[in-house]
Amino acid sequence: MAGSYGRQVRTQARYALVVNLRTPQSLFFGIAFPIILLLLFNSIFAGAHDANLRFAGLSIAPHAYNTAGMAAYAVMVQTFTSLVITMTSLRESGQLKRLRGTPLVAWTFVTAYILRCVVLVGAVVATLMVLGVVAFDVHLRAAAIGGIVIYAALGTAALAALGIAVTAITPTADVASAVGPFAAVLLAFVSGVFIPVTQLPQGLVDVGDVFPLAHLATGLQRCLADNVSGLGLDATDLLVIAGWMLLGAAIAARTFKWEPQTSRG
Amino acid sequence: MSGDLAVSVSGLRKRYGEFEALKGIDLEVRRGEVLGFLGPNGAGKTTLIEILEGYRSRSAGAVRVLGVDPAKPTRSWRERIGLVLQECELDPVLTVSETLKLFASFYDRPRPIAEVIRLVGLEGKEGARLARLSGGQRRRADVAVALVGDPDLIFLDEPTTGFDPTARRETWNTIDGLKQLGKTVLLTTHYMDEAQHLADRVAIIRSGEIVADGPPDQIVGASQGRAIVSFRTPADALDGLEAELETRLQPSGAQTSFEAADPQQALLVLTTWADRENVRLDGLEVRRPSLEDAFLELTSSDADAGDDGR
Chain A
1 MAGSYGRQVR TQARYALVVN LRTPQSLFFG IAFPIILLLL FNSIFAGAHD
51 ANLRFAGLSI APHAYNTAGM AAYAVMVQTF TSLVITMTSL RESGQLKRLR
101 GTPLVAWTFV TAYILRCVVL VGAVVATLMV LGVVAFDVHL RAAAIGGIVI
151 YAALGTAALA ALGIAVTAIT PTADVASAVG PFAAVLLAFV SGVFIPVTQL
201 PQGLVDVGDV FPLAHLATGL QRCLADNVSG LGLDATDLLV IAGWMLLGAA
251 IAARTFKWEP QTSRG
Chain B
1001 MSGDLAVSVS GLRKRYGEFE ALKGIDLEVR RGEVLGFLGP NGAGKTTLIE
1051 ILEGYRSRSA GAVRVLGVDP AKPTRSWRER IGLVLQECEL DPVLTVSETL
1101 KLFASFYDRP RPIAEVIRLV GLEGKEGARL ARLSGGQRRR ADVAVALVGD
1151 PDLIFLDEPT TGFDPTARRE TWNTIDGLKQ LGKTVLLTTH YMDEAQHLAD
1201 RVAIIRSGEI VADGPPDQIV GASQGRAIVS FRTPADALDG LEAELETRLQ
1251 PSGAQTSFEA ADPQQALLVL TTWADRENVR LDGLEVRRPS LEDAFLELTS
1301 SDADAGDDGR
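Here the protein sequences come in this chain order: A and B. Just so you know, the first sequence maps onto residues 1 to 265 in this note's numbering. Just so you know, the second sequence maps onto residues 1001 to 1310 in this note's numbering.
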């Protein structure tokens, strides 16, 4: 039986990934867009010899700050945004209803889509970090890689759970295609991803601090900061992200619907 | 629970608020039988089939599908039924064989993919994405997905609605193939010819009730021996004919028809009258009632009788 569950998860994850890679919008917004943004931000707004940014007890080079911030944004796009749109489309088109009529085991379905997130997040975050190191002189300590993996994994779990939870309020794929990307852009602004937190009004920083993206960005920035050693883990950041993960999972488990939410005649 | 019954339903009711969609359905389907649910839109066909499929709850009544209450679907029960819903609900960017491999992974003992593809006649299309198939091919891919778990019972909800004649014929051939495999098939349709062609037995649903249940010939044969006589002479040129025939004329556009219990006698009366009155009976025709006539008669109190598919 365990073999059969393993096969179910693997097969579903593989085809979920295949569908993603055959969808041009997913490839552009999930993979190309964060890379282009990093190149633009680090070319336009930050120079190699700019003074370090100082916040939350950290001292970090602007190029490294942007690299970590864009990695956090990429995590959100590949999890939250991607799952809101995918799950709502699958539900609206009746594919979820069709799956529900088979012996499919529900947890293998969710696990497969989380695995898809893990693979895509891993690929994009690794690409951004390599780009930072190669093109922007980011200093990546060996121990910090462990910290980045932990933050990215926890961020993936939290934002994936929230993405599935939000499908409760997105009746159609059109709504999901607006809510998913818009929420990511909006949060990126107040989380210091597009504009450094040192330049944001305190009120906006406080708003951003409520949500997980700010803590994921700060966590990844901690890993790349000059004055941090070891894994670079911070209890507050980890706890806030974990809290959102539990909230998202609880809402998702209660509200997930397999049937289309709009009548089709 | 009798072993040779695939489906048994008694006293099934379904209420949506004030509206009663199913008003006490009694039904039995034997294993290996192909049953067609026929009814106008909104008669309750989809509600009934979705209760049997385990998608909807019921308000009252007893239901057994392959010996299991579909309100409490189990995984092993799902292994034994195959579903084709109203529209094609498959990912358009996956290919035929990718889609089948995906669904096959849900079953403990799936039917080999190549065999399923052959059964639905999609050889040569294995590598084509669903989005690039024609409507009929996509429907057959849909049937293939329902077959991949090698189910005992297959539900087909309006399998050919909106299809052109070629696509309908292709899908019919596939469904005929299921019959040969000995599968029990429940299909809904609002096409008379589809039910007559595919089903061993037809249940006609009107306003949440089964108003007729039997082999197509028997339903038609409720008026066995009777015939419908029609001709293209407007009814207003036929003063006095009703009294002569002792029956009601049914005008329909330029055509007039009447039912005759004894066609030979009726034709004699009709032609004698026409000769005497010097009325021409263009396009004079005598035919046995079809399933469509029986259907229209049985569902005539419904405002929306759907279209007849031709």
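Simulated from the structure, these hints should not be mistaken for lab results. There may be inaccurate statements among the hints.
[As the list claims (entries may be wrong)] Rough simulated footprint, nothing fancy, chain A against chain B, three-plus residues with beta-carbon under 8 angstroms:
1) 1009 to 1021
2) 1065 to 1072
[As the list claims (entries may be wrong)] Ranges of calculated distance between the beta carbons of each label pair, as one might list FRET restraints:
3) A/V185 - B/G1177: 33 to 39 angstroms
4) B/E1126 - A/A56: 41 to 47 angstroms
5) A/Q25 - B/D1213: 23 to 29 angstroms
6) A/L17 - B/E1020: 54 to 60 angstroms
[As the list claims (entries may be wrong)] With a Cα cut of at most 25 angstroms, we get these calculated BS3-like pairs of lysine-lysine:
7) B/K1125 - B/K1179
8) A/K97 - B/K1072
9) B/K1072 - B/K1023
10) A/K257 - B/K1072
11) B/K1101 - B/K1125
12) B/K1023 - A/K257
13) A/K97 - A/K257
Just so you know, even glycine gets a beta-carbon here, dropped at the ideal spot from N, CA and C.
Status of the hints after comparison with the structure:
With 0 residues having a beta carbon nearer than 8 angstroms to a beta carbon of chain A, the stretch 1009 to 1021 of chain B misses the requirement of three or more and the stated coverage is violated. With 0 residues having a beta carbon nearer than 8 angstroms to a beta carbon of chain A, the stretch 1065 to 1072 of chain B misses the requirement of three or more and the stated coverage is violated. Distance hint for A/V185 and B/G1177: a CB-CB separation of about 52 angstroms, inconsistent with the stated range 33 to 39 angstroms. For B/E1126 paired with A/A56, a C-beta distance near 56 angstroms fails the hint of 41 to 47 angstroms.
The beta-carbon spacing between A/Q25 and B/D1213, approximately 50 angstroms, falls outside the hinted interval of 23 to 29 angstroms. Between A/L17 and B/E1020 the C-beta distance comes to about 47 angstroms, which lies outside the given range of 54 to 60 angstroms. Distance check on the hinted pair: B/K1125 and B/K1179 sit about 24 angstroms apart at the alpha-carbon level, within 25 angstroms; holds. Distance hint between A/K97 and B/K1072 is fulfilled; the C-alpha atoms sit about 16 angstroms from each other, no more than 25 angstroms.
Taking the CA atoms of B/K1072 and B/K1023, the gap is near 22 angstroms; set against the 25 angstroms cutoff, the hint holds. Of the pairs offered as hints, the one joining A/K257 and B/K1072 holds, with about 17 angstroms between alpha carbons and a cut-off of 25 angstroms not exceeded. As the CA atoms of B/K1101 and B/K1125 are separated by approximately 14 angstroms, the hinted pair is consistent with the 25 angstroms bound. Proposed proximity of B/K1023 and A/K257 is contradicted: the alpha carbons are some 28 angstroms apart, above 25 angstroms.
Annotation: proposed proximity of A/K97 to A/K257 holds, straight-line Cα distance about 9 angstroms (limit 25 angstroms).
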